[in-house]
Structures are given as structure tokens and as C-alpha cells.
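> Each chain, written out:
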Amino acid sequence: MSMQAASTQIASRATAIIDEMKALEGPLLPILHEIQEEFGHVPAETLPIIAKALNISNAEVHGVVTFYHDYRNHPAGRHVLKVCRAEACQSMGGDAIAAQISQALGIGFHETTKDNSVTLEPVYCLGLCACAPAAMLDGEVIGRLDADKIEEIVQEVRS
Amino acid sequence: MTVTIYIPRDSGALALGAEKVAKAVAQEIETRGLDAKIVRNGSRGLYWLEPMVEVATDAGRVAYGPVTAKDVASLFDAGLTSGGEHKLSLGDPEKIPFLAKQTRLTFARCGITDPLSLEDYRTHGGLKGLENAIAMTPADVVKQVTDSGLRGRGGAGFPTGIKWKTVLDTTADRKYIVCNADEGDSATFADRMIMEGDPFVLIEGMTIAGIATGATKGFVYIRSEYPHAVATMQKAVEVARKAGVLGVNVMGSPNAFDMEIRVGAGAYVCGEETSLLNSLEGKRGIVRAKPPLPAIQGLFGKPTVINNVISLASVPIVMDRGAQHYKDFGMGRSRGTIPIQIAGNAKHGGLFEAAFGLTLGEIVDEIGGGTVTGRPVKAVQVGGPLGAYFPRSLFDTPFDYEAFAARDGLIGHAGITVFDDTADMLKQARFAMEFCAIESCGKCTPCRIGSTRGVETIDKIAHNIEPEKNLALVTDLCNTMKFGSLCALGGFTPYPVMSAINHFPEDFRPTPVAQAAE
Ligand SMILES: Cc1cc2nc3c(=O)[nH]c(=O)nc-3n(C[C@H](O)[C@H](O)[C@H](O)COP(=O)(O)O)c2cc1C
Ligand code: SF4
Ligand code: FES
Numbered sequence: 346m347s348m349q350a351a352s353t354q355i356a357s358r359a360t361a362i363i364d365e366m367k368a369l370e371g372p373l374l375p376i377l378h379e380i381q382e383e384f385g386h387v388p389a390e391t392l393p394i395i396a397k398a399l400n401i402s403n404a405e406v407h408g409v410v411t412f413y414h415d416y417r418n419h420p421a422g423r424h425v426l427k428v429c430r431a432e433a434c435q436s437m438g439g440d441a442i443a444a445q446i447s448q449a450l451g452i453g454f455h456e457t458t459k460d461n462s463v464t465l466e467p468v469y470c471l472g473l474c475a476c477a478p479a480a481m482l483d484g485e486v487i488g489r490l491d492a493d494k495i496e497e498i499v500q501e502v503r504s
Numbered sequence: 019m020t021v022t023i024y025i026p027r028d029s030g031a032l033a034l035g036a037e038k039v040a041k042a043v044a045q046e047i048e049t050r051g052l053d054a055k056i057v058r059n060g061s062r063g064l065y066w067l068e069p070m071v072e073v074a075t076d077a078g079r080v081a082y083g084p085v086t087a088k089d090v091a092s093l094f095d096a097g098l099t100s101g102g103e104h105k106l107s108l109g110d111p112e113k114i115p116f117l118a119k120q121t122r123l124t125f126a127r128c129g130i131t132d133p134l135s136l137e138d139y140r141t142h143g144g145l146k147g148l149e150n151a152i153a154m155t156p157a158d159v160v161k162q163v164t165d166s167g168l169r170g171r172g173g174a175g176f177p178t179g180i181k182w183k184t185v186l187d188t189t190a191d192r193k194y195i196v197c198n199a200d201e202g203d204s205a206t207f208a209d210r211m212i213m214e215g216d217p218f219v220l221i222e223g224m225t226i227a228g229i230a231t232g233a234t235k236g237f238v239y240i241r242s243e244y245p246h247a248v249a250t251m252q253k254a255v256e257v258a259r260k261a262g263v264l265g266v267n268v269m270g271s272p273n274a275f276d277m278e279i280r281v282g283a284g285a286y287v288c289g290e291e292t293s294l295l296n297s298l299e300g301k302r303g304i305v306r307a308k309p310p311l312p313a314i315q316g317l318f319g320k321p322t323v324i325n326n327v328i329s330l331a332s333v334p335i336v337m338d339r340g341a342q343h344y345k346d347f348g349m350g351r352s353r354g355t356i357p358i359q360i361a362g363n364a365k366h367g368g369l370f371e372a373a374f375g376l377t378l379g380e381i382v383d384e385i386g387g388g389t390v391t392g393r394p395v396k397a398v399q400v401g402g403p404l405g406a407y408f409p410r411s412l413f414d415t416p417f418d419y420e421a422f423a424a425r426d427g428l429i430g431h432a433g434i435t436v437f438d439d440t441a442d443m444l445k446q447a448r449f450a451m452e453f454c455a456i457e458s459c460g461k462c463t464p465c466r467i468g469s470t471r472g473v474e475t476i477d478k479i480a481h482n483i484e485p486e487k488n489l490a491l492v493t494d495l496c497n498t499m500k501f502g503s504l505c506a507l508g509g510f511t512p513y514p515v516m517s518a519i520n521h522f523p524e525d526f527r528p529t530p531v532a533q534a535a536e
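Going down the list, the protein sequences come from chains A and B.
Each residue of the first sequence is one higher than the one before, starting from 346 at the first, in this note's numbering.
Each residue of the second sequence is one higher than the one before, starting from 19 at the first, in this note's numbering.
Derived by calculation from the structure, the hints in this document are not laboratory data.
On a predicted model such as this, the values are computed, not experimentally measured, just so you know.
Among the hints, a few may not be true.
If we take Cβ atoms under 7 Å as the criterion, some of the chain B residues that face chain A in the derived model are [said to hold, decoys possible]: (1) THR49; (2) LEU52; (3) ALA205; (4) PHE207; (5) GLY368.
Cβ atoms here follow ideal geometry from the backbone N, Cα and C, with glycine treated the same way.
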């Protein structure tokens, strides 16, 4: 597909999402969530479309997208691993676990492996603080991380 | 008769393998041709025993835990469906001391019922509070809540009834009830447990708030880190709508109330109420200056009740049993019960709902059972990332808003993180500053810039660079942040930092060079 065709397609998919949600009270976050769900990130070309549909400035939409940690401006790897770095997990050796995970995957936090298999991100609490250290792999929760569970995670993202 | 087997759907249980256990149980039921069904309940909150499987027998519920998928076949061999003995037997769950010692008002049903069965909810006392509220005048409902002494469980401890009264007394064409389910504090999971384990109690509480204040629309703002809570709440709202609990005629009354579930986008500061309102409106989560109070000009400029999940989920019991019943629990100006969350390096981590007044030592040593690593408890952080670190010498502090404030600490959302003696308090102080830097909304200089300077200065202390001078600098910086910040993110970050410095000075002392080089 040509670049232009791809971009037209993004525009039409984004417009469909916006049309469906713009009647909500305070529709911007729900729209951005849906767009990220659809494309895996919030493509830059959707911002002016959103701005126009909601009758707000491009700068306003840009400001919102960049304020929140969840929105990506480029796609993540095939898997997303979020490892909790907050206090309760720290108290159970979370820092060492995080370092082991980072080493096993060969990437640091906020990075994606070269083969695009996984993106590693920090998260500050998953509400699993009585099952620490904790992580979330593609929305699946994992508690009491240890060497075995790290190995399982690595296997899963590589398969 | 069909036997009911309960396997939690709570995130904590799922994180420990409950899904695999459920699959294995379903498999055994099928291959053995048993007349049994599985109910995915919430968690009772005894996380060291999760996944905890329960069976309803003629003699009551019988529990087993912690169960892994590979235990399942042997459990059936041992006669699981009739409560047979097994090495994982826990007996009657309510007789487990951790549960037996609790006073479960807000969490009365959590872990017992099917979270999405409105019938279960009614059978276990649900909707009585709402029925009572419908029969009363709004002013009387507000009075009940005020008289109960219920204070906001989100952290600030503001009297819930007084907030509601302001909204009731403000005239407007539209009012809102907003539930703060952003639960960003480390060590806290009470909101999550309620939303996953007894969502109707939150819906009931919000509906009562609507009737009491004249609001017809509610929003639950749930953090995106809680996908299971989001899914359960969404389903529960649909069930409630279908059953006429929500809608234009709440339970057949002339009152209208409906609600929507909204999902956050990974910003801790959006737990601050005005930042949350901005976020709901589709703006950046920047903190608003007060006044105007949200109760007068809140969501979209309309009068808005914004309350924590637990505050709202405690209203149905108040309206069911009456203000006095709730108020009879507690101490001083801290009335009723508080769901204490014991987290981190605790032997018995989980949710412990109790009347205010237990001492920190009782909670950590007796109920929490000390550390899971078996090492001595060095410090506990109470109240999340903005809460103080307490040393053992302050373990006589009773769990009470005022008592904690008197010791330069806070209860916050009642999460307690236990640390053993391997904890490095300098590292913890550094993290508090780092967290503030990551999550600052950027509006005030002391918070936005001060936190980053704080990290750098603590790093200098760690590297023995003019430690005395830099320690004084951190103290000074904390003062600036405390008094020059608009909200508690910048304003309270000094609590963990200064408590670490004051109670654990040895961790901030210059270390001999050889050791420092390690
Ligand atoms: C940085 C920051 C984060 C907060 N996070 C939460 C939160 O996650 N949940 C919550 O209920 N309150 C949180 N609060 C407190 C709210 O601002 C507010 O006091 C609360 O929602 C009021 O409800 P309540 O009276 O029922 O406690 C936070 C406050 C600050 C300053
Ligand atoms: S203290 Fe920090 S988070 Fe709070 S308003 Fe100021 S800059 Fe924003
Ligand atoms: S601190 Fe890691 S899950 Fe809460």
C-alpha cells in the first residue's frame, strides 16, 4: 500500500472511532484509548482529525496525548511487559527482579527488543502489593516474580 | 444437589494462578462426571493463601489454599466436593484468625458472593441501604451520612456528609457523582478488591449519593492499570441497568441515576481530585487551584461529589444499619472501620478491615505476622508514596487520622508496606523524590524542579559528597516543597523523605570510603 493510501486508511478508521464516541461527555480520553487500541499507538496524523471533530486546537490534543504516560507515539513491540517499580514491590526485592528481567531480555526500561518482540516498561503499582514483586504481560497479571517466572515470561515473549 | 466451588477472579488470585486452577477444576468436574459448578468470586483478601478455593457444604464453606493447578486432582481425590481433608485444608474460612478478627462492614460480601449476581447481592443484604434512602428526604440521607462520622477514605479524611451537603445546597441544572478509583498508592488494593469482588456495593453507594444530592449522573474513573476492575465494573453497571437499579426510575422510584465507567491513562496525579476532573473533561491532568471547590464547581463546572471508592462503598451499610451502628466503631474522630492493606514484605499480606484504633505494632507484628523473609521489620511506610516511614519505636501509634498526623505521618488510603532490615532508607528517600519528579503535573516549581534536585542531592549524600551540607539542603528543599506546592504530591513528598532521614539517620551517614566503593 502506498504511504498515501495507508494514511487515508488511518484517517477513515480514526474518523469512525471519533464519530462513534464524540457524543460522550468529555470524549477525548475515551477516543484516544480507542485509537490506541486500534493502531497500537496514537498516530500523529489522527491528532488534527480529533481536534477538528471536537472543535479544539491541535495544541490542546497534542498536550493531552503527551501528558499521559499510556499514550504512545509509535507502536510497541508485539508484547508489552510492565514491571512494577513501586515501594511494596521494592520491599520484596523488586529492584533486583527488574534488573534480572532487563538482563534476560537484553533491553532497558522504555526500550523494545531489536526483533520487536517485547517492550519493557515500568509501572508504579498494579494493586498486587500483597503478591509482590508484580508485573503485567499484555494485560495478564503476574505475582511473586522469581527466576522461574521470569524464565516463563522470556519464553512466552520469544515464542 | 449441585455443589458450588468458589475460585476467585480477583487480580491478586489471578496473579497467583487462579485461572489455571479454575481450568483444572472444570476439567476434573467434567472427567469425573460430578454435579458441581464453579463460581468466580472476589477475594477474601488473605493473599498468602490465594488462590483460595472454597466449597459450599451442608456444614458451611470449607476452604483450601494456596491451591495450584497441580493440586487439583488430589483435592478431588480427597473429596473436595464434600469438604474432604487434604494437606491444603483450611477449614471454615471465617475461623481463620486473620478473618475472624476483622469487622467486615464495607467488605461484608467480598469473597463470599458471585460479584456479578444481583441476586446474590440482595440475598446478602444488598440494596437495603438504597431502599431506605429512596424512602427518605435528600437532607435526611445527607444527615445520616454526616452522623455516621464517615470520613473520606481517599486520603484527606474530609467528612463525607459535609461534602454532600454542599452539593445538595448548591442549585444547578446538572450535578455529578464522581468516584475516584485511581488508587495509585503503592500498598493499596482495597478499591480494586471491591470493584472486582463486590461491584454492586459501589454502584449502590453512588446511587445513594445521587439521590442525596440531586445528581443524576455518575462517573467511575478507574486507573488503566486495573483492567479486571474495569471489566467487572462495566458488566456490573449493565446488570444494574437491566434490573432497573440504574436508570430513569431507580428501583421504581421517581429518582433518575445512571453511570459510566471511564479509564485513566497512567498518570498518578490524576488521583488528585481536581486533576481527575480535568482528565474526565478530556484535558491534561493538571491540578486546579481551590476554590472553587468541586462541590460547587466541579465536573464541567457543575456541583460535583468526588469520593473515593471505599467512602462510597461504605455508604450502603450506613444507610442500611443506621448512622449510629457505623459510628459505634472506631476511636476519637476516626469513626467506623477502615480496610487496612498489609503489603510488601509481610508474612500475612492482605486486606484487614477493622475499627480504627489498632496500633501499628498490632497490625504489622500480630496480624501481618512480621516479614515473609523472616528477618526483623525495620520500617513500614504508611499511606503510599506520600506517606511517612515509621520505625519500630513508633509502633504504638494507633490507627487514627489525628494520631498519625501528630507523628508527622498520615493514614492516606490505609496501605502499609513492610520492609525488613535489608532496606536502605536513603534509597527509599531517593525513590520518593524520583517518583514525585516522574509524576509531577508540572504546575508548581518546587514540585516540578525541586524533586529532581532532591534526587541529585540525595545521590551526592550516597556518594559522600559533602554529606552534611547536602543533608541540610534536602531538609531545606523539603520545606520549600511542603509550603510551596499546590497539591499533596509536591506537598507531602517530604513525609517519606524527612521521616527516612529523621528516623533512620544511620542510613544517611557518610560511609567509610572502602564500603562506599562496593
Ligand atoms: C497526588 C494525589 C493523588 C491522589 N490519589 C488518590 C487516589 O488514587 N484515590 C483517591 O480516592 N484519592 C486520591 N487522592 C485524594 C483526592 O484528592 C481526594 O481527596 C479524594 O478523592 C476525596 O475523596 P474522599 O473524600 O472520599 O477521600 C489523591 C490526592 C493527591 C494529592
Ligand atoms: S504540587 Fe506538583 S503535582 Fe501538585 S499541583 Fe504542584 S506541580 Fe502539580
Ligand atoms: S507496589 Fe508493586 S503492585 Fe503495588
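> Each of the hints needs a verdict: does it hold here or not?
Now the hints, each set against the structure:
A least Cβ separation of about 26 Å between B/THR49 and chain A goes past the 7 Å threshold, and the interface hint is therefore violated. The closest approach between the C-beta of B/LEU52 and any C-beta of chain A is roughly 29 Å, which is over the 7 Å cut-off, so the hint fails. Nearest Cβ of chain A to the Cβ of B/ALA205: about 5 Å, under the 7 Å cut. The hint holds. Against a cut-off of 7 Å between C-beta atoms, the interface hint on B/PHE207 holds, since the closest Cβ of chain A lies about 4 Å away.
The interface hint given for B/GLY368 is met, as the beta carbon of that residue sits about 5 Å from the closest beta carbon of chain A, less than 7 Å.
Consistency note: the structure conflicts with the earlier hints numbered 1, 2.
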